[in-house]
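Q: Sequence:
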Amino acid sequence: MSRPSIQDRIHVTNMLSNKMLIVHCRSKDDDLGGHAIAIGEEVSWHFDPDYFGLTTFWCDLAVEDKRLSFTAFNDDGDKPYIESWEVYDDGVYGNRSLPGERFMGAWRQIGIINYIRSPKGL
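Those letters in the sequence shown? Residues 126 to 247, by this note's numbering.
If you are wondering where the hints come from, they were derived from the structure by calculation, not from laboratory data.
Glycine is no exception: its CB is placed at the ideal position from the N, C-alpha and C atoms.
Mixed in with the good hints there might be a few duds.
[Unchecked claim] Derived CB-CB ranges, DEER-like:
1) W183 with A161: 17 to 23 Å
2) D215 with L179: 30 to 36 Å
3) Y213 with W170: 18 to 24 Å
4) Y176 with D215: 18 to 24 Å
5) R134 with D190: 28 to 34 Å
6) S142 with G178: 16 to 22 Å
7) E208 with Y176: 15 to 21 Å
8) D173 with A231: 28 to 34 Å
9) L157 with K191: 19 to 25 Å
10) I235 with N143: 19 to 25 Å
11) S142 with R233: 15 to 21 Å
12) D154 with Y213: 26 to 32 Å
Use the sequences and the hints to build the structure in full.
A: What follows is the structure, encoded as structure tokens:
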């Protein structure tokens, strides 16, 4: 069962040691576009979750020749909502500064040819 409709806000913060972060997030209905995020800065957005619990946001991240994709929000009704994501040199964490942090994934190296051919075009 889904929760009542209230606005949610998602934050993705660049906590990398010394690199600009490219963030591109989207849902089934909304493409938020790509954003270049400086160290210590964040991109955030708010939205009304679907009443039936079908809202999902995915984010693609890029730093130099590394890529990482993760689900930033999934209103499945069974898990606690993580609305603050921090991007570090080793990967993405949900609520890293709080107990029960959640590691979402590590960076993967790609070659420049794969980047140019990528249909997502980060």
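Q: Just tell me: holds or violated, for the beta carbon distance of D154 and Y213 against 26 to 32 Å?
A: holds (30 Å)
Q: Taking the Cβ atom of S142 and the Cβ atom of R233, is their distance within the range 15 to 21 Å?
A: Given about 18 Å between the Cβ atoms, the range holds.
Q: I want to verify a distance hint. Is the separation of the beta carbons of Y213 and W170 within 18 to 24 Å?
A: Given a distance of about 21 Å, which is inside 18 to 24 Å, the answer is holds.
Q: Mind checking the hinted window 19 to 25 Å against the Cβ distance between L157 and K191?
A: 21 Å Cβ-Cβ, so the 19 to 25 Å window holds.
Q: If you check the beta carbons of R134 and D190, does the distance land in 28 to 34 Å?
A: Holds, at about 31 Å.
Q: Using the beta carbons of D215 and L179, state whether their distance is inside 30 to 36 Å or not.
A: holds (32 Å)
Q: Please test the hint of 19 to 25 Å on the beta carbon pair from I235 and N143.
A: holds (20 Å)
Q: Regarding S142 and G178, is the given constraint of 16 to 22 Å on their beta-carbon distance met?
A: Violated: the Cβ-Cβ distance is about 37 Å, outside 16 to 22 Å.
Q: Does 28 to 34 Å hold as the CB distance between D173 and A231, or does it fail?
A: Holds - the Cβ-Cβ distance for D173 and A231, about 32 Å, lies within 28 to 34 Å.
Q: Please test the hint of 17 to 23 Å on the beta carbon pair from W183 and A161.
A: Holds, at about 19 Å.
Q: If you check the beta carbons of Y176 and D215, does the distance land in 18 to 24 Å?
A: violated (37 Å)
Q: Taking 15 to 21 Å as the hint, is the beta-carbon distance of E208 and Y176 inside that range?
A: holds (19 Å)
The structure fails hints 4, 6 (numbered hints given earlier, in ascending order).
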